[in-house]
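Protein chains: 2
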Amino acid sequence: MNQAVSADKATAVPFKDLANAIRALAMDGVEKAKSGHPGMPMGMADVAAVLFTKFINIDPADPAWPDRDRFVLSAGHGSMLIYALHYLLGYDDMPIEQLKNFRQLGSRTAGHPEYGHAKGIETTTGPLGQGISTAVGMALAERLLNARFGNDLVDHYTYVIAGDGCLQEGISHEAIDLAGHLKLGKLILLWDDNSISIDGATSLSTSMDQLKRFEAAGWNTVRVDGHNEAELTAAIENARKNSDKPWLIACKTIIGFGAPTRAGTSKAHGEALGAEEIAGARKALGWPYEPFVVPEPILTEWRKVAKKGFSAHAEWTKRHGASAKAAKFDKQISGKVPEAQEALKALIAKHVAEKPKLATRKASEVALAAINGATELTLGGSADLTHSNLTITKGLESVAPGSYGGRYVHYGIREHGMAAAMNGVALHGGFVPYGGTFLVFSDYMRGAIRLSALMGVRVVYVLTHDSIGLGEDGPTHQPVETVAALRAIPNLLVFRPADAVETAEAWAIALASEKTPSVLALTRQALQPQRVSASENLTAKGAYVLREADGARDVTLLATGSEVEIAVAAADLLAAQGKKAAVVSMPCWELFEAQSADYRKQVLGTAPRVGVEAALRFGWDRWLGDNGDFIGMKGFGASAPAPELYKHFGITAEAVAEAAKKLIG
Amino acid sequence: MNQAVSADKATAVPFKDLANAIRALAMDGVEKAKSGHPGMPMGMADVAAVLFTKFINIDPADPAWPDRDRFVLSAGHGSMLIYALHYLLGYDDMPIEQLKNFRQLGSRTAGHPEYGHAKGIETTTGPLGQGISTAVGMALAERLLNARFGNDLVDHYTYVIAGDGCLQEGISHEAIDLAGHLKLGKLILLWDDNSISIDGATSLSTSMDQLKRFEAAGWNTVRVDGHNEAELTAAIENARKNSDKPWLIACKTIIGFGAPTRAGTSKAHGEALGAEEIAGARKALGWPYEPFVVPEPILTEWRKVAKKGFSAHAEWTKRHGASAKAAKFDKQISGKVPEAQEALKALIAKHVAEKPKLATRKASEVALAAINGATELTLGGSADLTHSNLTITKGLESVAPGSYGGRYVHYGIREHGMAAAMNGVALHGGFVPYGGTFLVFSDYMRGAIRLSALMGVRVVYVLTHDSIGLGEDGPTHQPVETVAALRAIPNLLVFRPADAVETAEAWAIALASEKTPSVLALTRQALQPQRVSASENLTAKGAYVLREADGARDVTLLATGSEVEIAVAAADLLAAQGKKAAVVSMPCWELFEAQSADYRKQVLGTAPRVGVEAALRFGWDRWLGDNGDFIGMKGFGASAPAPELYKHFGITAEAVAEAAKKLIG
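From first to last, the protein sequence lines are chains A and B. Residues 1 to 665, numbered by UniProt numbering, are exactly what the first sequence covers, in order. Residues 1 to 665, numbered by UniProt numbering, are exactly what the second sequence covers, in order.
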């Protein structure tokens with residue numbers, strides 16, 4: 001067995017024992033749970049041991065220290081690697097009992113690393129490819145902050161461990177292309193090159209020359225024996241010294257290293273090894289200790305690392321104390337944007353006074369101009385639709401290769417990579433990221449949006465062209481189910497504002513929601529102003545009576561976004577016929593759901609209801625009641641000018657009034 | 001201006017006029033619509049003219065001829081390129097009036113090419129990256145059929161035009177990796193290398209060396225001047241001759257070629273050029289003709305191409321007539337699988353008799369064994385979860401590089417690429433593709449699933465691990481919103497079967513639905529048998545009374561999939577307390593929605609209703625009524641053994657019975 005050879009004569013504990021501690025804990029944890037993935041942590045134990053004992057700057061006593069190195073386990077199924085490391089490093093929330101409760105209800109040692117479940121987990125991983133793509137956002141945030149605050153305050157590395165799965169996923173292409181282009185040289189990717197995936201050998205499904213691929217994307221590359229301490233040490237050292245481009249360090253490893261019959265096979269990947277195999281592994285590795293036992297000298301050696309991180313942290317604290325930029329840095333890191341909130345309040349008052357007729361994408365641009373002018377914490381961008389999403393504002397400079405003073409990222413035609421990178425920026429801290437694409441292409445980045453919601457990070461998705469109202473581009477570009485599909489995601493605020501006021505209100509809520517991502521679904525087409533008062537952020541209630549009926553309601557018309565003006569026109573038509581209709585604007589269902597039952601009842605009323613949205617009915621029955629009706633889409637859209645499409649699909653004031661009259665009887 | 005130089009002395013019409021006809025029609029069509037994308041068709045006109053006049057084998061008189069070359073416009077925004085070509089080639093459904101009605105309601109010339117809207121459109125494109133990935137499926141189907149029927153019956157090329165957007169999208173990575181690995185040498189990708197994307201120069205967002213990237217993926221590459229007829233001709237000729245690997249032909253072009261001020265800029269990309277620019281382009285190109293006018297000699301020259309295609313088709317018809325394999329080929333191409341339906345009927349009868357307790361993923365495997373044994377038309381696969389999705393059955397050989405006799409594709413860890421490739425296989429004809437991954441990762445392939453639905457192609461998505469019932473992998477892997485998000489998509493059948501019988505029934509419907517894709521949401525965990533009669537495919541009704549109450553109903557319990565057994569247990573609990581509960585199984589909401597209002601009313605009943613699903617409530621209110629209740633998830637899941645999770649989240653028979661009793665009062 002090609003056991004890692006120690007190159008460090010100074011330590012009393014052989015390097016192989018440091019690595020084997022990880023292996024043993026990983027196989028023991030999985031074995032006890034009878035569930036999990038031992039292969040990866042056992043295969044990458046040497047890599048992790050080199051990285052964590054020799055290089056990484058983290059402080060287990062203060063895992064959120066801003067200038068720490070970031071570590072992302074993109075191959076999240078190998079979560080026991082993180083838990084083992086955190087136990088060995090002495091994180092106070094990761095005693096051995098946690099490892100014994102791997103994958104059990106209420107433990108911090110979830111099946112995949114979950115951000116927020118245990119200290120020091122920088123991001124939730126498991127869905128493959130997300131980790132590396134999120135790490136690109138972290139590495140970007142580091143460079144952006146470095147450009148603003150210098151090496152004294154910001155100068156750290158982002159390390160990623162990724163497997164073959166991560167590199168096969170499409171999102172990895174978007175991520176490495178962006179990282180290579182932007183020359184994010186402090187990003188170091190350690191590829192677990194074990195030639196095995198779940199179905200068997202990777203040669204079943206790929207013939208990719210990964211090194212060449214990464215070089216094509218503008219990365220430095222090197223290949224090492226992933227079980228050779230000296231080679232690994234030299235490679236990481238070299239990568240740290242040469243930060244002109246990001247680094248791929250291809251670590252040739254044996255999955256399940258040490259397991260006598262399963263090592264090097266897909267049988268080592270995703271199930272407990274069993275007592276016999278584990279006994280064999282203990283023998284082969286020279287690890288005679290009981291399950292979950294790491295002898296004191298080995299544990300002590302590991303915990304020296306923590307002290308090293310503590311020293312680095314202390315030095316940073318000294319520099320921070322001496323820095324003229326410290327206060328500004330602290331503010332940036334705080335993520336608080338009160339000035340933007342003030343600016344939005346003023347803007348809302350102005351909108352109420354001036355009643356502009358704007359597309360909500362345009363209203364969003366106006367809001368962003370106010371926000372970006374008031375705070376330096378926002379980081380804008382678009383997936384190559386800047387002048388359609390209207391995400392750039394005056395004075396925002398672009399981030400460019402090697403030049404990180406700007407605040408606008410051209411993410412390229414890479415929605416998924418953009419979303420994951422924004423997660424990384426938000427997780428890193430220092431910026432509030434927002435990024436645009438067409439609403440329908442939220443499908444392309446749903447994997448990352450879901451993680452924004454699951455982790456609870458403040459990312460703002462600016463999704464324009466939100467219905468058939470986009471017109472001629474046709475059904476491939478017209479969302480009909482998309483808003484519903486986003487509303488289905490928990491802990492995601494989906495706004496579909498009806499005018500400039502609601503758009504600005506939505507922005508205010510999105511910025512204030514520090515633990516929740518937001519979607520702004522915005523129109524291409526201009527909309528009539530609706531709101532006449534700015535006394536309260538009514539969008540924060542999710543839904544509200546925009547226009548009460550003149551007397552007891554005969555009917556309540558519920559609408560969102562561009563269809564609010566249709567509901568208002570329908571109410572006028574009904575009024576002309578002596579029918580009393582109230583109009584309820586519902587810019588954010590999630591926030592309405594969070595109101596008291598009384599408030600909801602008061603808004604919805606007891607009269608029959610008609611919903612109006614240029615989308616499918618799916619989800620609407622929550623608000624319509626047993627006898628309600630709905631005016632909207634019945635299937636995919638079509639290619640034609642928008643006004644014709646509204647007529648063609650029967651989403652008109654007349655149709656709403658007609659439906660209402662039928663209900664009134 | 002570097003106008004294309006004709007290398008073909010024989011033709012009376014200069015090559016440049018053949019290409020300029022495309023340019024003029026494209027700019028005229030967009031100008032009249034005041035909407036669309038002139039830049040790409042004008043930039044790629046020379047490439048298209050070379051490809052279509054010299055190489056492509058299509059027969060406009062019979063655009064569905066099985067052995068035609070396939071052409072995919074991955075850069076679908078350049079749809080005027082296809083419409084111009086089809087007019088020039090004389091497709092009978094593409095008279096000049098259609099081009100004058102570009103992007104208008106009811107015309108065939110939709111904003112993006114829509115499969116089924118006009119003859120000869122092989123696939124719907126527009127969402128970037130889908131075309132190239134769909135084309136990989138087409139090229140794969142060609143090789144699979146070639147392996148079965150030989151060169152006489154199947155021997156054609158798949159040509160793709162793709163732009164920078166397509167190559168930046170992550171899905172392109174998955175597609176080119178798969179194509180390179182499988183050595184799909186008859187796939188020829190013509191890259192519109194114009195260095196421009198919507199935000200500006202591509203150098204804003206990428207530094208990718210595309211040739212090196214494709215070479216890393218196992219492709220042949222060559223770079224040519226995209227406006228040089230001779231270079232283009234030689235490159236395509238060479239690519240056709242050397243079919244060891246797929247080909248990237250990088251065509252250096254000028255976007256909006258001919259437009260005096262906008263050529264070579266992002267201003268040429270996505271809007272009408274305007275009268276002045278068009279006049280200048282006419283002059284620069286030497287095209288003095290009126291809008292939409294193509295002079296007779298040029299049109300005649302173009303229509304010679306159609307005759308060439310007709311001859312190729314006629315020769316093929318002769319070979320087909322003489323082939324001993326003709327009947328078998330015709331059957332394969334027909335897509336009909338009556339034997340599989342018979343096999344499923346027998347299986348269902350067996351299940352009803354034997355009442356197996358199976359996970360529905362296992363029941364799906366059993367159904368697939370019956371299907372794959374009865375027909376040779378199915379093409380299985382998985383995104384590297386073969387033994388989790390249970391998508392392979394005995395005797396299915398794997399498709400391998402250069403070896404296409406098998407019927408199982410290891411798609412790799414590439415969900416999006418798999419879905420798009422399956423669309424391509426279905427569009428090509430000859431196979432019924434199905435492919436597996438975890439349900440939650442449908443998020444990764446939603447872009448392609450949406451296209452399956454929009455185009456109406458028979459693709460079967462086998463999505464296992466469909467709820468918290470998967471247990472320890474935790475919230476990243478546990479769908480809670482995913483079934484709802486899929487139900488939101490129009491023209492997609494989403495099945496969540498409750499037992500082995502319903503699973504087999506769902507497979508029968510999926511195979512019979514030739515114009516509709518299907519999702520099978522399947523459990524990891526074993527489920528009790530529910531169905532006691534096989535007299536009718538009740539899943540085809542979408543929902544049905546699984547167990548009627550003993551007398552007038554006090555309550556109706558609605559459930560899907562793994563929660564049906566919980567509803568049944570709740571009904572037992574209620575019965576013990578003298579409450580009469582009916583249980584309704586709802587395996588497919590879309591099919592239930594399609595039933596008569598009477599049937600729906602009869603199934604749902606008038607008693608209060610409780611829904612049960614290990615998912616969020618979103619969408620359920622459609623069935624619950626004003627006073628209904630719902631037992632399910634309220635947010636993301638957690639990592640623990642499945643039985644504990646069901647208890648933890650309160651999805652139990654006791655909870656259902658309790659909710660029912662509250663409603664009964």
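No wet-lab data here; the hints were simulated from the structure. A few of these clues could be false.
Heads up, the list lumps identical chains together, so a pair's fine if it works in one copy or across two of them.
Quick list of in silico lysine-lysine cross-link-like pairs, DSS-like style, CA-CA up to 25 Å [to be verified]: (1) 119 with 325; (2) 119 with 662; (3) 212 with 252; (4) 34 with 350; (5) 579 with 601; (6) 252 with 328; (7) 212 with 283; (8) 515 with 336; (9) 601 with 634; (10) 647 with 100; (11) 252 with 304; (12) 331 with 252; (13) 355 with 283; (14) 336 with 601; (15) 355 with 318; (16) 357 with 307.
Remember, predicted model here, so these are calculated numbers, not experimental data.
Hints, verified against the model:
no., hint, verdict
1, 119 with 325, "neither (28 Å within a copy, 65 Å between copies)"
2, 119 with 662, "neither (58 Å within a copy, 42 Å between copies)"
3, 212 with 252, "both (16 Å within a copy, 23 Å between copies)"
4, 34 with 350, "neither (62 Å within a copy, 34 Å between copies)"
5, 579 with 601, "within (21 Å within a copy, 31 Å between copies)"
6, 252 with 328, "neither (44 Å within a copy, 48 Å between copies)"
7, 212 with 283, "neither (39 Å within a copy, 46 Å between copies)"
8, 515 with 336, "within (13 Å within a copy, 52 Å between copies)"
9, 601 with 634, "between (28 Å within a copy, 21 Å between copies)"
10, 647 with 100, "between (63 Å within a copy, 22 Å between copies)"
11, 252 with 304, "neither (28 Å within a copy, 57 Å between copies)"
12, 331 with 252, "neither (43 Å within a copy, 48 Å between copies)"
13, 355 with 283, "neither (78 Å within a copy, 47 Å between copies)"
14, 336 with 601, "neither (35 Å within a copy, 53 Å between copies)"
15, 355 with 318, "neither (53 Å within a copy, 72 Å between copies)"
16, 357 with 307, "neither (61 Å within a copy, 55 Å between copies)"
Hints 1, 2, 4, 6, 7, 11, 12, 13, 14, 15, 16, counting from the list given before, are not met by this structure.
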